[in-house]
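Build the complex from these two chains, which are given one at a time in their own frames, with help from the hints.
Line order of the protein sequences matches chains G and L. Note that this note's numbering has the first sequence beginning at 1, numbered continuously upward. Note that this note's numbering has the second sequence beginning at 1, numbered continuously upward.
You can take every hint at face value.
Pairwise CB distance ranges (calculated):
hint	chain 1	residue 1	chain 2	residue 2	range
1	L	Y83	G	K65	46 to 54 angstroms
2	L	L151	G	L63	27 to 35 angstroms
3	L	G121	G	V78	27 to 35 angstroms
4	L	R111	G	Q11	16 to 24 angstroms
5	G	S106	L	M82	14 to 22 angstroms
6	L	L151	G	A10	43 to 51 angstroms
7	L	I58	G	L34	26 to 34 angstroms
8	L	V69	G	P6	35 to 43 angstroms
Just so you know, the hints here were simulated from the structure itself, not pulled from any lab data. For each residue, glycine too, the CB sits at the ideal point set by N, CA and C.
What follows is each chain in one-letter form.
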Amino acid sequence: MPDGLPLPPAQVPLAWYLILSALLFAIGVAGFLLRRSILTVFMCIELMLNAVNLSFVAFSYKLQKVDGHIFTFFVMVVAAAEAAVGLAIILTIFKNRRTLEIEDVSSLKL
Amino acid sequence: MDGMLFLTCAVIAVACAINLVVQTHPIASAISLVGVMVSLAVLYLMLGGEFIAMAQLIVYAGAIMVLFVFVIMLLNAGRERMYKRPVWATAAGVPALFGFLGIMAWFISQRIPATTTVQFGQWMGGDARSVGRALFTTYLLPFEITSVLILIAIVGAIVLAQKELD
Numbered sequence: 001m002p003d004g005l006p007l008p009p010a011q012v013p014l015a016w017y018l019i020l021s022a023l024l025f026a027i028g029v030a031g032f033l034l035r036r037s038i039l040t041v042f043m044c045i046e047l048m049l050n051a052v053n054l055s056f057v058a059f060s061y062k063l064q065k066v067d068g069h070i071f072t073f074f075v076m077v078v079a080a081a082e083a084a085v086g087l088a089i090i091l092t093i094f095k096n097r098r099t100l101e102i103e104d105v106s107s108l109k110l
Numbered sequence: 001m002d003g004m005l006f007l008t009c010a011v012i013a014v015a016c017a018i019n020l021v022v023q024t025h026p027i028a029s030a031i032s033l034v035g036v037m038v039s040l041a042v043l044y045l046m047l048g049g050e051f052i053a054m055a056q057l058i059v060y061a062g063a064i065m066v067l068f069v070f071v072i073m074l075l076n077a078g079r080e081r082m083y084k085r086p087v088w089a090t091a092a093g094v095p096a097l098f099g100f101l102g103i104m105a106w107f108i109s110q111r112i113p114a115t116t117t118v119q120f121g122q123w124m125g126g127d128a129r130s131v132g133r134a135l136f137t138t139y140l141l142p143f144e145i146t147s148v149l150i151l152i153a154i155v156g157a158i159v160l161a162q163k164e165l166d
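Next comes chain L alone, as it looks inside the complex (with noise of 0.2 angstroms):
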């Protein structure tokens, strides 16, 4: 059973990923990520991380995916102009790419004995209080400065964004 939903979920997120990687039109792109992110959360919740399941949901999937698609709406973006890449670059990239995929999940298998698994519900230690309670005392001051952070992006975006004064 868990292995049944790793694997649906993870099939669902490469075909996102794919999708959002061959995709001429940026929409088109930004739904693939949304589904990308979703299935993640689900992968986030069987290795027994609720906060940060929902917190993606809430966050990255309800507010920066929508912010995209906002800006996609606002700059009226149109299909990308597809070009002639050179043969070279296509006969070069694409061996490389699954050479590096490969060299990892070589490294990663060895270095990662084949019994340590994950099940659902073994470990259920990132629950909010767990997470909170770490934010909140070992990771004080990160927490602090990331709001510092906001504030900065905030005034930021405002600044760049705002009418030029003629």
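Chain G with its partners taken away, still in its complex shape (with noise of 0.2 angstroms):
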């Protein structure tokens, strides 16, 4: 390392990986509000939940119990059959309206 760097330190404190898992829920935020394709929407959403998936994992090692380790078992098997309804879903509003952005999809808007 050159002169000057700060070392990386040895042992990682906990509290960068919660910060790390906020600044990728922000960042899937920040694109399912501004993307017009609903595929990417739906990509900002997987984001998401593997940001909170992070956030369980880490607070089960400060805990010393494998309760987190479950409860991002269940937040995967969600995702899974969310994804297959969700793709499915998109795959129907497409054959419908071809169009994949979200501004077409209006009907209901008042």
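This is the structure we're talking about:
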């Protein structure tokens, strides 16, 4: 390491994991609100779920219990089911509307 | 060594996440999301979660993302049309995002003392045996309910994707 740069610590503080989780979640929220393609919006939802999974596993380490891993497992199962049904819905919308932009699917708008 | 690995994986995860949000073509976003998931799997390994790390790679990066890529291929999804965003939205949104992140980071660093550190190998309670034991004793009911949930998802996906009867 060149002089003047701090060395990374040998033991990483737990707070860094949680801050990374918050950062990934915030990026997911930003993408969810800003993007117009429904597929990219869906992928931002998956990014948010992954950020929460990291938070669960970090707290499971802190409390020295396996329960956080169990919750992560269930989040993954629910994400898989949601991805299957959500992508089927996207395929149906595309079949009917021929568009992938959320602005064009606005017949329920006031 | 731990810190170097954490910083590498964190930088890769954040870079891939920003790339996901910024890219116009959905397939580039999908590849970036796979990068995020792989770096998160390494972070789970450092936190002692061997089972969850492998489940992340097999289920999330290996099945869900493949499903995404298949759907992108089926829909022939092209680049997103970019449109002009009002200036006030960017001027209000970006500082709000960083403000929210700053508040979260400050709050986290206040609540979790800096002496709580993560060292690889200090807690190995996330192996398949412990997870399986907890899953089949304490969390048996949610586990069985998730099997019904997956069945419902399968039935729903098949019903939604079938041809319409003319």
